[in-house]
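S.K.: Kindly generate the complete structure, drawing on both the sequences and the hints.
Chain residues, written in single-letter form:
2 protein chains.
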Amino acid sequence: MSRIYERVALIGLGLIAGSMARAMKRHDLAGEITGFARSAETRDTVRELGFCDRVTQTAGEAVAGADLVVLAVPMGAMEAVARDIAPHLAEGATLTDVGSVKAPVLRGVGPLLPAGVHFIPGHPIAGTEHSGPRAGFAELFENRYTLLTPPEGTDTEALARLRALWEAMGAHVEEMDAEHHDLVLGVTSHAPHLIAYTMVGVADDLSRVTDSEVIKYSAAGFRDFTRIAASDPTMWRDVFLTNKDATLEILGRFTEELFALQRAIRTGDGDFLFDYFTRTRAIRRGIIEAGQDTAAPDFGRVPVAGDKEG
Amino acid sequence: MSRIYERVALIGLGLIAGSMARAMKRHDLAGEITGFARSAETRDTVRELGFCDRVTQTAGEAVAGADLVVLAVPMGAMEAVARDIAPHLAEGATLTDVGSVKAPVLRGVGPLLPAGVHFIPGHPIAGTEHSGPRAGFAELFENRYTLLTPPEGTDTEALARLRALWEAMGAHVEEMDAEHHDLVLGVTSHAPHLIAYTMVGVADDLSRVTDSEVIKYSAAGFRDFTRIAASDPTMWRDVFLTNKDATLEILGRFTEELFALQRAIRTGDGDFLFDYFTRTRAIRRGIIEAGQDTAAPDFGRVPVAGDKEG
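So the sequences go chain by chain: A and B. Position one of the first sequence corresponds to residue 1 (this note's numbering), numbered consecutively onward. Position one of the second sequence corresponds to residue 1 (this note's numbering), numbered consecutively onward.
Hint data in this document are derived by calculation from the structure and do not stem from the laboratory. Values in this document were obtained by computation on a predicted structure and should not be read as measured data. Treat the hints with care, as some may be off.
Computed Cβ-Cβ distance ranges for the label pairs, DEER-style [to be verified]:
(1) Phe259(B) to Glu6(A): 49 to 59 Å
(2) Asp211(A) to Glu152(B): 23 to 33 Å
(3) Pro151(B) to Phe274(A): 28 to 38 Å
(4) Arg263(A) to Glu289(B): 37 to 47 Å
(5) Ser212(A) to Pro111(B): 31 to 41 Å
(6) Arg263(A) to Asn143(B): 33 to 43 Å
(7) Ala164(B) to Glu289(A): 42 to 52 Å
(8) Arg285(B) to Glu152(A): 40 to 50 Å
(9) Asp211(A) to Ala40(B): 16 to 26 Å
(10) Thr156(A) to Phe259(B): 42 to 52 Å
(11) Asp177(B) to Glu167(A): 30 to 40 Å
(12) Gly110(A) to Gly270(B): 31 to 41 Å
(13) Ala80(B) to Asp271(A): 12 to 22 Å
(14) Arg263(A) to Ala80(B): 22 to 32 Å
Ideal Cβ positions, reconstructed from N, Cα and C, are used throughout, including at glycine.
M.R.: Here it is, written out as structure tokens:
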């Protein structure tokens, strides 16, 4: 694979930046990778892990001379970081980010940048419930989608180059409008996370059932919620505060549906429940067919193939 | 392992009964295993799979002479099946079930049984999102909990024998009151399933986001919900209809908490969100420490251990 950028600067060195660096190294996509993180401890960890060529003491140093700058910090820190690095950005550089909400980045970061910098917000739909530089791995983006939300008038060459980088890291790249992105992710990510956090909070708080009981009997379904409810609190606080409107819209719809199902339970309307539960199976099949999950049962247990004798 | 029962009859031949049969065969826990399922297609499949020694044409034939009878049918079918087999049960036999709700089984099935039959309701907290006889496997119960809810005055020897069977299949066995069981499972299983079904239903129904978008970008969190929302519709309809009170109680608490989080989003109360999301991490750690899940990130991707070079 030929190099796509001469110097890539990663601002923020957590799961996503760490995975990008590892993927770029593996496929030789960048001449040099510089990195900066606010925490000295993170910088030391990254020096030890070695996935950046240079870890700098300031964000400005990291971006100086870079032809690609990636903002990989929580949503709430985007503007402050952009303000900090703006004077150091090279003419003709591309600035992108990996934040989970796109319209606020477009509105907040865009106006802070000097002319001659190509600003193309992005969002890799990939991650795990772990965070920090040690959590990253080169395969994170493979067969996952990365969404780019280029503002009108984006330089086509700069856009093609950024697409090429993501594709070389294994991602499928699609472009969409920032507002639409935020609604789509509200459904597929933000609302599910909030609901998972809520369910785990309820279980933790129920006085008639002990935490120990919740933990021991979690294999019955609850466990699947705890995985996403263990995600990074800072990142998710910022997601909800910045994607407020879409999240609240979807939660409103969710509550409406939940009330309809609750009423069916209360009134004993078995047909309504059965039809509802049958319909939701189809989406699962779609996800498996699209390669976004496997059909293998995942309740912590793997079935024995061709098991006949018992 | 020595035999615990001479003849075990399985009524209903889906995931749980199929896994029990395979586990009993593997560890030589039963002299003979007979089976019955209402559907002729299921009976043929089980004959082909071979995990029962005999598949009978009626439930009565299957239970005749059995010293253990297991009802492994959906909650809504328990009473009809119990009525059907009652005249054929052997004096001194133990009757158990594997239903997800225990108080209704105790109330509904208990009075139908002849004197001299030991009735000990049970519930293995194990399963996958797949159903049917092909979905079973011998390891399903290993390191999972099985809850028994023996009514007052249960024969201690019959209880010890049923415990021994579950333990020999790898389960941790605990006893509790049927009502408490239903509340605990309401939290760890029933409410989470209903919430997952609801979220998947909302996503499917949102006119401004296409199903194709939901599927493609599901790796961002939504995917975890679709797994449990793909569970068997008949079984789950019956669970909600029979565990109505506990489910509605927990959904009430859930809605209350969800509204508190929604308000925090609306008013921009980041501290409330951050504290909430930090608290829910602890439960996840508890589950991993209890061996009910692994810490491996499970977003369809496995990290490379010791990855240093990228």
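S.K.: Now look at each hint and say whether the structure bears it out.
M.R.: Hint check results:
1. Phe259(B) to Glu6(A): 49 to 59 Å: holds (52 Å)
2. Asp211(A) to Glu152(B): 23 to 33 Å: This hint holds: roughly 28 Å between Cβ atoms.
3. Pro151(B) to Phe274(A): 28 to 38 Å: Check passed, 31 Å falls within 28 to 38 Å.
4. Arg263(A) to Glu289(B): 37 to 47 Å: Distance hint for Arg263(A), Glu289(B) holds at roughly 39 Å.
5. Ser212(A) to Pro111(B): 31 to 41 Å: Holds - the Cβ-Cβ distance for Ser212(A) and Pro111(B), about 34 Å, lies within 31 to 41 Å.
6. Arg263(A) to Asn143(B): 33 to 43 Å: Since Arg263(A) and Asn143(B) have Cβ atoms about 38 Å apart, the given range 33 to 43 Å holds.
7. Ala164(B) to Glu289(A): 42 to 52 Å: holds (44 Å)
8. Arg285(B) to Glu152(A): 40 to 50 Å: holds (46 Å)
9. Asp211(A) to Ala40(B): 16 to 26 Å: For Asp211(A) and Ala40(B) the Cβ distance comes to about 46 Å; the hint is violated.
10. Thr156(A) to Phe259(B): 42 to 52 Å: holds (46 Å)
11. Asp177(B) to Glu167(A): 30 to 40 Å: violated (58 Å)
12. Gly110(A) to Gly270(B): 31 to 41 Å: violated (23 Å)
13. Ala80(B) to Asp271(A): 12 to 22 Å: holds (19 Å)
14. Arg263(A) to Ala80(B): 22 to 32 Å: holds (27 Å)
Figure legend: structure checked against the earlier numbered hints; hints not met, in rising order: 9, 11, 12.
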